[in-house]
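Protein chains: 2
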Amino acid sequence: MKKASILYVEDEISLASIVKDTLQGQGFLVHWYPHGQDILTQIETHHIDLVILDVMLPKQNGFELAEKISLVHPDLPFLFTSAKNQSSDVIQGLKLGAKDYLKKPFNLEELLLRINNIISLNQPLQAIQNKSIAIGQYIFNAFDQTLIFADTVRNLTHLETEIISHLVKKINSDLIKKNMLLQIWGDDTQSNSRNLDVYINKIRDYLSQDSSIRIVTLRGKGYRFIVGPSE
Amino acid sequence: MKKASILYVEDEISLASIVKDTLQGQGFLVHWYPHGQDILTQIETHHIDLVILDVMLPKQNGFELAEKISLVHPDLPFLFTSAKNQSSDVIQGLKLGAKDYLKKPFNLEELLLRINNIISLNQPLQAIQNKSIAIGQYIFNAFDQTLIFADTVRNLTHLETEIISHLVKKINSDLIKKNMLLQIWGDDTQSNSRNLDVYINKIRDYLSQDSSIRIVTLRGKGYRFIVGPSE
DNA sequence: TGAACCTATTAACCTTTTTTAACTTTGAAA
DNA sequence: TTTCAAAGTTAAAAAAGGTTAATAGGTTCA
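Going down the list, the sequences are from chains A and V.
Residue 199 in the working numbering is what sits at position 198 of the first sequence, and the numbering runs on without skipping anything.
Residue 110 in the working numbering is what sits at position 109 of the second sequence, and the numbering runs on without skipping anything.
Derived by calculation from the structure, the hints in this document are not laboratory data.
Hints are not guaranteed to be accurate.
Chain copies aren't distinguished; within one or between two, either way the pair holds.
To be verified - Simulated crosslink set (PhoX-like; lysine-lysine; CA at most 20 Å straight-line):
#	residue 1	residue 2
1	Lys69	Lys170
2	Lys96	Lys170
3	Lys69	Lys171
4	Lys171	Lys96
5	Lys4	Lys21
6	Lys4	Lys171
7	Lys179	Lys69
8	Lys105	Lys132
9	Lys203	Lys104
10	Lys21	Lys105
11	Lys85	Lys104
12	Lys222	Lys132
13	Lys21	Lys104
14	Lys69	Lys203
15	Lys85	Lys105
16	Lys60	Lys85
17	Lys69	Lys178
18	Lys60	Lys171
19	Lys69	Lys104
20	Lys170	Lys132
21	Lys85	Lys222
22	Lys4	Lys179
Sequences and hints are given; from them, build the entire structure.
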């Protein structure tokens with residue numbers, strides 16, 4: 002399972018360092034910043050699964066930051082930590098769309114549990130390995146590298162399997178092409194991008210016997226893998 | 002949208018009554034019980050979307066109850082409310098799989114926000130998926146990327162779809178151009194702004210067959226998408 | 001070793017979508 | 001009424017992706 006990546010904004014250095022170590026100890030990839038400047042750029046360049054924002058930051062406070070972030074990335078989950086412990090503060094935070102609001106001082110174990118709650122909810126499909134899963138009328142098995150349609154078994158290559166796995170993981174939601182390239186080839190060069198195009202073309206062909214399956218192109222962004230009644 | 006159904010176990014009658022009224026006022030269907038007996042039967046007979054458990058209950062406490070429930074219904078989300086406010090209690094509750102743990106006394110608005118967080122997270126996709134919506138005499142489907150007028154299906158591009166989605170979301174109210182640019186392109190440069198102008202022009206054309214639909218320009222601000230008799 | 005085979009990558013050419021550019025119109029402020 | 005920025009309109013340019021085929025790279029096995 003891939004490490005979840007957390008963006009953490011906290012200006013208290015001693016606290017930040019403890020939290021960072023704890024999260025890293027649990028296998029998270031942590032990007033820590035003492036202030037909110039250039040946060041949007043950071044989100045663009047790194048793949049981020051969760052944002053943790055302190056509310057009282059120098060200059061731009063956590064609430065303002067959250068608003069900016071969710072404007073551009075409405076599906077990126079975030080939570081607040083804060084010494085502002087009034088009910089009204091908590092409510093303001095939650096209203097902004099925060100998945101949680103932890104009052105300071107918080108217990109580290111509680112933080113971890115709450116993070117796991119958010120992240121696990123956000124990626125419901127996990128262990129695809131060694132399990133056959135249905136894609137419309139097809140049956141896909143990443144371990145066997147097979148795609149079955151009505152008694153016909155098609156043996157897939159490694160990359161075909163890899164790409165279908167990515168599609169399946171993000172079924173009915175958006176796949177960012179750049180992320181796919183990074184995860185599959187390790188870099189997102191122009192030529193890898195063309196390569197992926199070729200594979201998508203091939204996979205579209207493989208899956209063409211069930212018309213309820215579609216790989217929609219989000220030009221300039223990626224793809225959306227749609228499986229379901231299309232009426 | 003269907004009413005979400007909540008199972009609520011709380012032995013303090015006066016509190017329970019207030020919470021119940023509040024939840025019902027928000028459109029939830031509430032099943033309240035002062036103790037945990039026969040809860041599993043209740044879950045079998047009614048469809049339940051969320052369980053709220055007080056921790057300190059007579060006989061069987063909330064933790065025990067939660068264990069029993071999640072054994073049989075591992076995907077049914079639950080949260081605790083409790084006057085047991087020790088960190089260790091919270092952690093114990095979360096470890097059992099609770100989606101949240103509210104310390105008493107809690108603010109009712111906070112409760113509502115946290116409930117909404119849990120319930121909306123639990124049904125993230127269906128809502129968007131494959132839902133056609135009427136725009137005057139047109140039918141728009143963001144998922145299929147189609148716009149239908151009297152048997153004629155127009156396939157939309159990704160950006161066209163994106164922009165119409167934004168219009169629809171703010172139907173009959175103001176759309177701030179800057180926000181649209183940020184959400185769609187990630188920045189609000191001059192050239193993206195001209196680009197949006199081009200798309201608005203195109204979409205006005207697409208929607209021109211129903212004269213009750215208008216995209217009014219709010220010069221220097223954005224647009225207002227008006228659908229309805231044009232008094 | 002090298003021929004047959006399979007997979008991945010690159011290339012070439014085409015189509016569609018998005019962006020940019022250029023020119024026109026509009027509307028608010030001076 | 002003049003002026004200028006914002007938005008409308010149209011067309012051309014540029015970029016992304018679709019498609020198909022050729023090439024490269026590596027295994028396997030005689």
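Each hint tested on the structure:
no. : hint               : in the structure
1   : Lys69 with Lys170  : between (28 Å within a copy, 19 Å between copies)
2   : Lys96 with Lys170  : between (30 Å within a copy, 19 Å between copies)
3   : Lys69 with Lys171  : between (25 Å within a copy, 19 Å between copies)
4   : Lys171 with Lys96  : between (27 Å within a copy, 19 Å between copies)
5   : Lys4 with Lys21    : within (14 Å within a copy, 40 Å between copies)
6   : Lys4 with Lys171   : within (17 Å within a copy, 28 Å between copies)
7   : Lys179 with Lys69  : between (23 Å within a copy, 12 Å between copies)
8   : Lys105 with Lys132 : neither (40 Å within a copy, 42 Å between copies)
9   : Lys203 with Lys104 : neither (51 Å within a copy, 49 Å between copies)
10  : Lys21 with Lys105  : within (16 Å within a copy, 30 Å between copies)
11  : Lys85 with Lys104  : both (7 Å within a copy, 16 Å between copies)
12  : Lys222 with Lys132 : neither (29 Å within a copy, 22 Å between copies)
13  : Lys21 with Lys104  : within (18 Å within a copy, 26 Å between copies)
14  : Lys69 with Lys203  : neither (39 Å within a copy, 29 Å between copies)
15  : Lys85 with Lys105  : both (8 Å within a copy, 18 Å between copies)
16  : Lys60 with Lys85   : within (16 Å within a copy, 37 Å between copies)
17  : Lys69 with Lys178  : between (24 Å within a copy, 15 Å between copies)
18  : Lys60 with Lys171  : neither (37 Å within a copy, 31 Å between copies)
19  : Lys69 with Lys104  : neither (22 Å within a copy, 30 Å between copies)
20  : Lys170 with Lys132 : within (13 Å within a copy, 22 Å between copies)
21  : Lys85 with Lys222  : neither (39 Å within a copy, 35 Å between copies)
22  : Lys4 with Lys179   : within (18 Å within a copy, 35 Å between copies)
In summary, the structure is inconsistent with hints 8, 9, 12, 14, 18, 19, 21 from the numbered list given earlier, while agreeing with the others.
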